[in-house]
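Read off the chains here:
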Amino acid sequence: MRVAREVALAVPAERVWQALWDVPRMMACVPGCVDAREVEPRRRYQARMSQRMGPIVLSVPLDIRVTEEAPGRLTLAARGRDGGVAAEVQMSVRLAVEAAESGSRLTVEAEGRVLGKLGALGASVIQRRAEELVDEFTARLRDAVGG
Amino acid sequence: MPSSFDVRLRVNGQAVALTLPAEALLLDVVRDRLGLKGAKRSCDSQVCGACTVLVDGAAVSACTYLAVEADGREVSTVEGLEQDGRLDPMQQAFAERGAVQCGFCTAGMLMTAHALAAEQPAPTREAILHYLRGSLCRCTGYRTIVEAIAAGAGAPSAPTARPTSAPGALRVVGRSVRRSDALDKVTGRARYVTDLELPGMAHAQLLRSPYAHARIVRIDTSRARAVPGVFTVLTGADLTWCDPYYGPAFRDRPVLAIDVARHEGEPVVAAAAVDAATAARALELVEIEWEELPAVTTLAGALAPGAPLVHTAAPLSGHFADLSSLRPTPGTNVCHRFGYARGDVERALAGADVVVEDVFTFPRVQHVAMEPHAAVAAWDDGDSLTVWASTQNPFSVRVELAKMFGAPLGRIRIIVPLVGGGFGSKTYAKLEPITAVLARAIRRPVRLAISAEDAFRTVRRCDARSSVRLGFRGDGTLVAVDCHADFDVGAYADIGPRIIQKGTYTATGPYRVAHVRLGSTAVYTNTTPGGAFRGFGVPQLAWAVESLMDEAARRLDRDPVELRRQNLLAHGEEFAPGDTPIDGKFEESLSRAAEAIGWTQAVAADRGRGVAMMLKASIAPSVSEAIVRLHADASVTVLASTVELGQGARTVMAQIAAEVLAVPLERVTVLLPDTSVTPYDQTTSSSRSTTMVGRAVQQAAGDVAEQLVRIAGRTLDAPDTALRVDDGAVVQGERRLEYGALLRAHFGMAGGELIGRGVVAPGPSAAPLGGSTPFWEMAVGAAEVTLDVETGVVTVEDYVSIADVGRCINPLSCETQDEGAVAQGLGHTLFEEMVYDGGQLMNGTLLDYRVPRADDMPARMACGFVENADGPGPFGAKGAGEGSLVPVSPAVGNALACLTGLRFRELPLTPERVWRALRERESRRTT
Amino acid sequence: MLHSFELHRPSTVAEAAALLGDRPDATLYAGGTELLLLMKAGLVRPADVVDVKRIPDLGGLAEADGGLAIGATVTHRTLERSPGVRARWPLVAGVAAHVANVRVRNVGTVGGNLAFADPHSDLATLFLVFDATVRLASASGARELALADFVRGPYETARQPDEVLAGVRLNPWPPRTVGVYVKFGLHERPTLGLALALTLGDGDRVTAARLAVGCVSPRPHRLAAAERALAGQPLGALGGLAAAVGALAADAVDPVSDLHGGSDYKRELTRVFVRRALVTAAARAEGRAFGARYPHAIVV
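Residue numbers (our numbering), protein chains in the order written: chain V, 3 to 149; chain Z, 401 to 1327; chain E, 2 to 301.
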């Protein structure tokens, strides 16, 4: 699963950058993501991700780590396991903000996989769902930063 | 509160009352509660049809049908078809027309056929194909099944096909006699490992790695062990009381992952419990902490400098002479390197008028034998182990288990019932080690039967990438072959090192070539282990070399058939110094195939036509032994360890013994392999059984015949040379002494029997691979294809296969074997490929992994044989069954190149791949 | 192997609705050809399974007001073999005859198929060109909604947890309507499904075109732009228009790349088979036998 999106925002890059670093609030912009909390500032977070795909319900406690941090660039790696459907979710989300004509430009590059039977059987639905989630995330984030 | 139901149904006319939980599946109820084992579990996803039963006359997949739904209904299974002990017409037609091979799909096919016949008397061919949309067979090429259904349903059909090869003075050999197991298979009486039940038997399940490569940090099985009904839960770390590693080349494969899992689906934890559901439930409670490791999942990735290593060390097995000097490259993923050269390739290529070269790839494919792997193991109090195994080589399994447990060979007994298709997937140990370990741990019999889905995680064909250069003189003479192939053997070497040797050794095909340089590597990756699969390395290279032969013909402006003919090795000519001289007249096969496809007539405008050849050496050195017993009533028992995989080997052995001893075929019984009873045979693979075991049986029967003649000679006071066996008697002119009378006279009572012995063992060899091939397997394929240019769909309209088999002992068996080989070849040519995303197999079920169906077979298909009785096997036979698979890909690729002008280098030729190639050319043209 | 569950067998829609109301996580079972596979794979583990097949009201198959009312528990096989459906709704019987394989058709139901909402469903795609409506029943009554609004995405429908899909109604086509269904694919489930209905009026002009596509978007849907391009066109012009309409259709689908193929390939298949379906439909409208066969494609 791989999704890349680029969105123009009407607010300065700095404001977006700050919003991204409010990780629990940012996580809440991802549909299905709840109970986000900080474990170790700027290093480690937790959240629960729930998704329903028809009759299949996936609910994963995510362990989220900051794996890369540079000016304007932030990469998060998340993983977790749903014992019920024997699926493991692994994600890496790269967020980059830079100044642009509109104010700023946010780039989201998400990559991930779902191990276990669900990952193979549901590959195309997962890909589509990932695209929807990233789109919804950027829309909600835009609202959140007022851009 | 889970509900249970009182269910009353009729099963094959008998009233049955059961109390069942809601979740009981009809297949389990029919098989395990009612003991009707004809319906089989195979794909477990409603695709294959092996579990088909009728409910109120309608075909259903019993594997995906709640048994409580059958309440108040009539369930019909294959066991109910016979009436008063007589086969019904459908069973009769299947048995007589070669529609039965391994038999694992047969019950489902028959029930499907019955449902159709009840709906549509005298169905058309189209109606049959439509109805078989959900019925898979991996042995036949479906022709005989379709014809049998038509005949059994009373439709006008071809006369019962019973081809006979020119038998001369032979009575039984050369005739298409009915398979000896046909009746058992059409009645559901045939028993496979999965059907066995032993008193007190436990059922095992495996927990597999979700990762392609990961370290096991911690496993906690305590909750799993606490589940009521669980006998044991084992991990790799628990196996301190046996040698937990096995493998025919390297002992690199742990019974359960130890410290590290090296491919997705590798068994990590095993549970044995009162039933499979309990074992599965227990495994859900196992907690494992993993540390994921970088994985290599492609050949390129595994060969890249600095690639993560799948193994750091693996000890040699030392089982086989030809694998005693394997050459791993330390610090890399290369576990063996093979090289063979003669002449001076560089100089020859430099001096060649035309050099063609390219790189070809062959996909990862799975055997999809209808019967997934299964084993039952039981230890007795005296530390003797018996394993009922679905294996192609019980003696190799015996060696592995003896090593693991430090036991003498004589204490390990491997019994092989009927096997539901192998195609190489059941060579060497697979489930037997873990099943034996579990049985040892709990001291009761254990059954382990995996799903078709898990078979994809057990073994597959090695994918390969071959770089080939061929050099020709302007007159078409092939002067040089330079070839290097990398084979992906997956996470464990299995028999991969031998595959790369044998596949590469005959890369030059059936052609004469002076300058040769052949090299190959066996490369570990973090994917399902690669192993033997029909063709054993040859299809991978023939795809490359035979495609390039056509490219050479184009460059040389020569007819592809004529270019091949010009370079063919002649009968008696040396293939390689020290190896067996060529034993066939290959040009005859090539001409037959060319004629049958209409090579000299212009090809239709919308079609492409192509031809391809293959040559394969059989396994060498190799040993086969047989014992033939002539009983007091002149009946005969043959003891040989040929595994009945569906290929019909037992029938062939019976025919040979009946021929030599001049007794009716019905008087001969061939035992199934039992390593404590039947004598040694190396393996049922490599197309060797008819030749090697057949010779041993012929010898053993001949030994009995000689004894008969000697005994009769004394009675008749005649020299042995004046006597012969004929129709159950020793004959001298008009005088006849029946065997029974001879034996009574000899033993002085109506008891005692003659025992004959046959041993076929290789002599010393100077052949490059360390053993001279017992025979050469050679086949030709010719194809005509059409193409839907807009969708990229390639359709094989016409296919001809000609194999040089020396002599068909049972022509119908040869024909159905080769039709099945072509079908399997069409699979990897057109559809089949295991698709990985990183280390994850994305299509490891038959819902997504597409194997050929009845309606995929070419509209016109013919499998023929060249029979010059020039083989080393009995009556001039040589091997058959693998050869015809190999030319399919290059023949179809050559036909497609003929039609489109495009050379395809990657298989399978899926519609999308072909469409992309066409589109790419289009964009090149327009830019 | 299945996990244990409680099987409920209501005999009325009200009972079923009550069960669903009490047990929000209960799973409906109408044939099991999809559900049992997921349960065997361990992906769905319902504690309660509600079997709706024993509700007589859901098993009807009847023609009324010129339309065809198909109860949710009518099997594909019943649809395929019903003399009335074969005679007056041949496209429906024909498509039903090509769903999966005969064993699945014997057990799988129309309601189960629609409610599971596999994007590869042939019936959902086909029924869109009959402007089908579905009826959902619950304890508080019943509601009808267009099939197009019922199927919302892959495996997603508008059915509320306490509702039972009671049936689907196909609306009659106007006189002089010809239909074609095409499905293409290599795998067990199709890669493309396509339904087309052309209604002809005076002067052999197309008065209405209905075109639906399945498998190549998150859910089956109608192709409005292509339909508009066909409306008003004379029959004789369809051959010439077919390529352009195919291109419009290809623009309107939203495929993802998966085992069935890359998104560009699926788009191309849409283009090709819309064109082919149009040519086939035009030939049928002209009363010409059109015997074109396309490999790996089924044309009904």
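Please note that the accuracy of each hint is not assured.
Unchecked claim - Rough simulated footprint, nothing fancy, chain E against chain Z, three-plus residues with beta-carbon under 8 Å:
no. : region
1   : 527 to 541
2   : 703 to 714
3   : 1116 to 1125
4   : 1245 to 1259
Stated by the list, open to error - Computed Cβ-Cβ distance ranges for the label pairs, DEER-style:
no. : chain 1 : residue 1 : chain 2 : residue 2 : range
5   : V       : 61        : Z       : 758       : 21 to 31 Å
6   : V       : 86        : Z       : 758       : 27 to 37 Å
7   : Z       : 558       : E       : 292       : 45 to 55 Å
8   : Z       : 558       : E       : 55        : 27 to 37 Å
9   : E       : 255       : Z       : 725       : 18 to 28 Å
10  : E       : 292       : Z       : 1316      : 25 to 35 Å
11  : E       : 255       : V       : 61        : 45 to 55 Å
12  : V       : 13        : E       : 15        : 53 to 63 Å
Just so you know, the hints here were simulated from the structure itself, not pulled from any lab data.
As the structure is a prediction and not an experimental result, all values here were calculated from the model.
Glycine included, C-beta positions come from ideal geometry on N, C-alpha and C.
Against the structure, the hints come out as follows:
1. 527 to 541: holds (count 5)
2. 703 to 714: Since three or more residues must qualify, the claim that chain E covers the region 703 to 714 of chain Z is violated, with 0 doing so at under 8 Å.
3. 1116 to 1125: violated (count 0)
4. 1245 to 1259: holds (count 4)
5. V:61 <-> Z:758: 21 to 31 Å: This hint is violated: roughly 51 Å between Cβ atoms.
6. V:86 <-> Z:758: 27 to 37 Å: violated (50 Å)
7. Z:558 <-> E:292: 45 to 55 Å: The hint (45 to 55 Å, Cβ to Cβ) is violated, given that residue 558 (chain Z) and residue 292 (chain E) are roughly 26 Å apart.
8. Z:558 <-> E:55: 27 to 37 Å: violated (47 Å)
9. E:255 <-> Z:725: 18 to 28 Å: violated (58 Å)
10. E:292 <-> Z:1316: 25 to 35 Å: The hinted range 25 to 35 Å holds for residue 292 (chain E) and residue 1316 (chain Z), with Cβ atoms some 29 Å apart.
11. E:255 <-> V:61: 45 to 55 Å: violated (28 Å)
12. V:13 <-> E:15: 53 to 63 Å: holds (55 Å)
The structure does not agree with the numbered hints 2, 3, 5, 6, 7, 8, 9, 11 stated previously, though it agrees with the rest.
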